[in-house]
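Enquirer: In case you want the letters, here they are:
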Amino acid sequence: NAGVMQNPRHLVRRRGQEARLRCSPMKGHSHVYWYRQLPEEGLKFMVYLQKENIIDESGMPKERFSAEFPKEGPSILRIQQVVRGDSAAYFCASSPGRGLANYGYTFGSGTRLTVV
Amino acid sequence: SQELEQSPQSLIVQEGKNLTINCTSSKTLYGLYWYKQKYGEGLIFLMMLQKGGEEKSHEKITAKLDEKKQQSSLHITASQPSHAGIYLCGAPFDTGTASKLTFGTGTRLQVTL
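Which chain is which? The protein sequence lines are A and B, in order. FYI, the numbering for the first sequence is 1 to 116, going by the working numbering. FYI, the numbering for the second sequence is 1 to 113, going by the working numbering.
Isolated chain B (complex conformation) (with noise of 0.2 Å):
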């Protein structure tokens, strides 16, 4: 089974809608990453919470990460094309080195004009 959950799995927006994507934990989150990959390219860093209730916002990104839940979220707010791509979440289960991140299958996300 996933320890990482996303949901959805793929989501298609108009552009200029508000989004949110989810990333549910079966363990303990110690830490939450998320990031965005364009298709065929690299992982963009996006945002990192340490804390629970913590919130982070960069341009028109904010995520947000409930410890008690197990969960974090993503928000997208006014959609652009530019957002299109494959966002993932990411944690730090390993206590031992805690260098190493599980992530989560990704959320598709499209655009449309």
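Bound conformation, chain A alone (with noise of 0.2 Å):
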């Protein structure tokens, strides 16, 4: 029964370079949770999404990033015309319902994103 998984683990893009991350929750787990983690920084909430819809994006930037959880294939984490601010590792959890009371997270590895 495998993990969360993301991939990829390190990605190096260019100012101005679109940055896409993806996200494939357990099995099972149909809500999946971003978080981004900035250089001497704590660990920031940024969006939660079930199978076709954002239930909670107040933690994403306004401008530049998005989020998709289709119904079928991973979520996905994209960061539009990305700048060295953006760099960070990112991080998805993943859980099999709402509340994290009854069902907790499940985090994958990361996506270490560098923009140079």
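To be clear, the hints were calculated from the coordinates, so they are not data collected in a lab. Among the clues, some could well be false.
[Claimed, not checked] Here are the simulated lysine to any residue pairs, SDA-like style, with alpha carbons at most 25 Å apart:
#1 B:K51 with A:G97
#2 B:K38 with A:D86
#3 B:K36 with A:S87
#4 A:K44 with B:S7
#5 A:K44 with B:F45
#6 A:K44 with B:I44
#7 A:K51 with A:R20
#8 A:K44 with B:G85
#9 A:K51 with B:D94
#10 A:K44 with B:K38
#11 B:K27 with A:I55
#12 B:K64 with A:G104
#13 B:K36 with A:G3
#14 B:K27 with A:G104
#15 A:K44 with B:Q9
#16 B:K36 with A:G59
#17 A:K44 with B:Y39
#18 B:K36 with A:N7
#19 B:K38 with A:V115
Two chains, two frames, a set of hints: combine them into the complex.
Expert: So, in structure tokens, the structure goes:
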């Protein structure tokens, strides 16, 4: 039973390019969460998605960032026109249902984005 | 200001020694989660505490939740090099979806031989 799979593990992009980060939740999990860990900062919530729905995007930057979790396939975090400040580790977590009290999270190993 | 403060920020202990990491909240705690992050890797779930006064143990790690003090502690007994890493506490402050965690800034633990 594979855990939460994120790819790529490392991604290098030049300023202005697009970055696509993928997250395949654990089998049977239909809830996905994205977090960002900036250098010298803590882990910050970005967005919470269920299949085909964005439930909470209160942590997403207003511009250039978008997320989706289609009916089929992995969840995608997309960053357009990347800037150096986007360099960070991006983590995905999944759970089988809503409510941390019931289910908790399982995290993936993260994607480390470097913008040069 | 940080909603979850962890102390100490970093810690170096000799192998075999005991240590305690604290996580203090500025808000009411409805649960508290402890994770460990190896340098450059993902987060490993350690423990979930849901009730005031709850205490859980796994191998040499014990975590307690003091709701009145809005605080949790993580205690490691007889530390080993494998315990080295960054320890993060997280709490669900959002009572809406109850599905996102606010994390502390972490405690870096080094265990020397």
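Enquirer: Look at each hint and say if it fits the structure.
Expert: These are the hints, each one checked on the structure:
1. B:K51 with A:G97: 21 Å, holds
2. B:K38 with A:D86: OK: K38 (chain B) and D86 (chain A) at ~22 Å, within 25 Å.
3. B:K36 with A:S87: OK: K36 (chain B) and S87 (chain A) at ~22 Å, within 25 Å.
4. A:K44 with B:S7: 19 Å, holds
5. A:K44 with B:F45: 17 Å, holds
6. A:K44 with B:I44: 16 Å, holds
7. A:K51 with A:R20: Distance of about 18 Å is within 25 Å: holds.
8. A:K44 with B:G85: 19 Å, holds
9. A:K51 with B:D94: Answer holds: K51 (chain A) to D94 (chain B) is near 21 Å, not above 25 Å.
10. A:K44 with B:K38: Given pair K44 (chain A), K38 (chain B) holds - Cα atoms ~18 Å apart, limit 25 Å.
11. B:K27 with A:I55: 24 Å, holds
12. B:K64 with A:G104: Cα-Cα ~17 Å, so holds.
13. B:K36 with A:G3: Cα-Cα ~16 Å, so holds.
14. B:K27 with A:G104: Since the Cα atoms of K27 (chain B) and G104 (chain A) sit roughly 20 Å apart, the hinted pair holds (cutoff 25 Å).
15. A:K44 with B:Q9: The hint holds at about 18 Å.
16. B:K36 with A:G59: 23 Å, holds
17. A:K44 with B:Y39: Within the cut-off at roughly 17 Å; holds.
18. B:K36 with A:N7: Holds. K36 (chain B) to N7 (chain A) sits at ~21 Å (cutoff 25 Å).
19. B:K38 with A:V115: It holds: about 23 Å lies between the C-alpha atoms, which stays within 25 Å.
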